[in-house]
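Visitor: Listed below, chain by chain, are the residues.
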Amino acid sequence: MNKRILSLVLALVMLALCFVGCSNTQGNGDDTGADTSADTGVVSGEKNENKVIVGNVTELAGDFRWPGFGGSSAGAADQDVNGLITGYSTMETNQGGAYVWNDTVVKSHTEEENENGDLVVTVEINPGLLFSDGTEVKAVNYLAYVLAFSSPVSVNAGHTGMSGQAMVGYDSFAAYCGEDVEVAEDAEVVPTKEFAGIRLLGDYSFSLTISSAAGYYPYYFANTYGAITPYPLDLVLGEGVEVKDDGNGAYLTEAWYEKGADSTPEALTYVKSTHLTEARYDVTKYAFSGPYVISEWDEGTKECTLTINPNFAGNFEGQKPSIETIVYVKIVSETQLDQFKSGAVDILSGITGGADTQAALAAVDESNGKFAEVHYQRAGYGKLQFECDFGPTMFASTRQAIAYVLNTADFAQAFTGGYGTVVYGPYSPDFDMWTAVEDTIELTEYAYSVENAKQALIDGGWVYNSKGEDFVEGQTGVDAVRYKKLTAEEATDVNKAFVSVANTDGVEYKTVEVNGEYYMPLVINWFGTTPNDVTDMLAARLVGTDDVTAIGMVVRSVTGDFDKLLGEIYREESYGYGGTPTYGMFNLATGWNSAIYDYAYNWSLDPVYFGYSANKLFDEYDVAFPYDMTGEKLTYAEAVEASGDKLGMDYLSMAMVYNAKTVDEYNEWWGAYIERWNELLPDVPLYSNYYFDIYNAKIQNFETSPFWSPVDALLYCTIANAE
Amino acid sequence: MGKYILKRLGYMLVVFLILSLLMYLVYAMIPYDRARAEAENWKQVYKNDPVGFEAKYQELRKELGLDQNVFVRYLGWLGVMPINGQYQGIIQGDFGFSYVYDRPAQDIMVEPMKNTIFINIFATILGLGITIPLGIFCAVHRGGKRDTAVQVATIIGYSIPVFITSILFIWIFAILLGWFPVSGMKTPGSNFTGITKLLDEFKYMALPLIVMTATSLGGMTRYVRSSMIEALSMDCIRTARAKGLREKVVIYSHAWRNALIPIITLVIGWFLGIFSGSIMVENIFGLNGMGRIYINSLTAKDFEVVLLLQMFYVIIGLMGNLIIDILYGFADPRIRVNK
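Just so you know, the protein sequences line up as chains P and L, in that order.
Sequence positions in the first sequence follow the working numbering and run 1 to 723.
Sequence positions in the second sequence follow the working numbering and run 724 to 1062.
Incorrect hints may appear among the rest.
[As the list claims (entries may be wrong)] Listed next, the in silico SDA-like pairs over lysine to any residue satisfying Cα-Cα at most 25 Å (straight line):
hint, chain 1, residue 1, chain 2, residue 2
1, L, Lys766, P, Glu490
2, L, Lys770, P, Val332
3, L, Lys1024, L, Pro856
4, P, Lys564, L, Gly788
5, L, Lys785, P, Ala76
6, L, Lys837, L, Gly1052
7, P, Lys244, P, Val271
8, L, Lys770, P, Asp563
9, L, Lys770, P, Thr284
10, P, Lys564, L, Lys837
11, L, Lys766, P, Thr284
12, P, Lys496, P, Gly579
13, L, Lys785, P, Asp563
14, L, Lys779, P, Glu573
15, P, Lys244, P, Asp298
16, L, Lys766, L, Leu789
17, L, Lys1024, P, Ser643
18, P, Lys320, P, Gly579
19, L, Lys837, L, Pro856
20, L, Lys785, P, Tyr570
21, P, Lys646, P, Phe390
22, L, Lys766, P, Ala76
23, P, Lys646, P, Glu490
24, L, Lys837, P, Thr284
Rather than coming from a laboratory, the hints here were simulated on the basis of the structure.
Model, not experiment: these values are computed from the prediction.
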């Protein structure tokens, strides 16, 4: 018996080995995509398959229709696929990240202010635009999405339900749950089935009214609320629902609000919310509006194959795709370059960091023209971010001293391996507004200087020791650092209780009381993520180094994961806060994916906006000259004069988007904002690295930018010697 | 036997409940606020309305049951106590929700489970097919040159971490020799069907399969060898040889059966391991399997998925123990439970 079992096992092993062995031979056959593409670079002159394989280390989740479903947690890979299957938006972002009207779609549009001070955007689309299934795109296809995803039905499906929040009548429409639901007499909002701010004006025209009462107009980017995308009606609404307008606003017919079997008056559920949940992940049943359609989605291998949509009329520049097939695959970051070199993928994007960049460029150099690269400076930067409402980092002098002593130019060189640079404020050199002001803007570079760091501290009042006497360099123990005498206003309970963390050397620094005065030690409690090269490099340059010691500062380091870091910044209860924040400095990165630059409410003095501020910086200039949303909208020159040339961060960030009406006005505010930011230094930018996209040279005309991803660029590409 | 199995199933239920409570408490203790993380998705929506944002955060806390104490939440997870007025727990078939994938937890495991089982079945068959004969061979030729060589090889294989082996094999077989793809699960963009599809999948599975097999050889081979050595030194074996039985009969019929008891434990463990993915191998080779889901969920603090996975493995483990105990009786009549 045992012998028979053993024989069976051995036979199975042999069979498995045969399969494995044979498969390798089969895999090198002519009909296998990966090897074929590797062997058919532009150099060979052979015919190339009209196909591109895009690799991404981020995994596809299949959430292609509406990635993130109204939230901000959409996966980057899913968004890429969404970008390929979605088109005909009234406005699209261009190569510079700016929103522009889509002339392929929009026949005409007007933007007018009505008698209530609202902005009415009227759009007429071109007839004859087709979805992938051949059905015509009409005005209702645009309005269906905004209506559906402003209604409680979408909220029931897990969407934010706030797609139309900027438009007049949103609150009433969002409160409407169907005619069968009774409205409470004391209801704050009277529900209406019509969305007053959305009008269906004809088969090919509609209007959107941006609300001034709700604070969405005047607003510099208000017209971007007119950027809406058409979807097939059956995808969004399912069967039996229509978009109508009887003169009071567009609405969805009652079938949209049909209640689910488990619906109760206390907890309404809707049949159509189930439809939305299912349609969200359905890539086979409904048509597409973009340049490509999904021909296969393999959830098992996380691979998505897209083929050209012959009905696509073009993007905002009328551009149509010519590459027949795009395959989007998951790759492993550690071996991605080997996969690229072996021909398993045709494009690797977003390569950064010294070693990785060098390896990628070496692969291009050694390929004899088979591979090529394109690069751009990232629209963003790695940074030290400060908490500006407590502890030593609440003082600009401390933040400036850290910038001086850190030697950011050297840091950027070391971290990026030379493939990066330093920015001196929260901007990208690719921003149009930067281009407009770069010759006139005055920014401090905070070049490495221990003396300047000391001077900044002395100017900031860091001149005491723990006994309230003059600080003397070269001391040990608690007197190794400078102390600052706190004013009565600064001597908050949090600052009185300030104490250093991670006291592994046995020295605990804390705020001391001397003769009724409070003195705070110059100790930076820093939280960094790990594993993270930036954290390691910062530790080597800040923790216990001669320069930092020489200026009378101590940096105490604690590391953890990114969620912990966010928890500390948000000061979540679940991280053990009892109203006492701990860390004054964090290292992380930030960036922009479009040129919509709006930091309104980020620097508000109103504590209710506390959670909206990354830095919790309250600019003293804003106390003296605060921004009034309901007040007169001053021009920049008027505001400078009225404030005595002391405009604060809140004022500048608010006026930038709520006072500016023209590009020039916006740029003027923007430049002043960057200058004030650079002076107060709520972050120290550490590096702005270059991103390299490497690709098979058979792909021609491949040009990317910080705001123009490889999948955007592929629309303009062709394949050399395509079959 | 039936009574014994029922009794064991009862014990298993108790163990499951204790373990599930402990695990639930562990994850509840980790300082992470899921409601806050979910609320961040809404921040842009509530850009001009911080009061609305706070209300949304509190609403999310209530929705997620975070306004209840941890024991109430645990009972709600089991499905024996209502959360927000509804019984929605594992008893009702609600196994939790993945906040990373925005789908029910069980839905995201279907495809990875298929992939994991697919590769593990072959890895297990290959592993057992090699280690058992090899272990027996080494025991029979104990102290010989070939046994010594195998001992050295297995101790080296046993000592090298799987990620080192993986990288080494990728470098040799995929990059230098180009025999196998570096990673992935099928030829990108291929639409093969039937046997061609299967062969294509084998091509991609071959290298991870070889790594998994190679890294598992050392331990099992040594285990089989030592069990066989112990069995071969038993009095009954000496008696069998004295009776003049052929050596093959002595080894495979008498000694092997006596060596089976400890080996059964490991073999069953291997087969149960078919359901659990290899975190290292799946991540390095880009395979969409259970190990990858597990580590991704842990990293993303998608604890309901992690909890479901762990509870699944608890059940598999408990069932495995039961199967092992029953199989002991078949291998050795002296320890049958109903005697």
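Visitor: To test your reading of the hints: which numbers does this structure violate?
Guide: 1, 2, 3, 5, 6, 9, 10, 11, 15, 17, 18, 19
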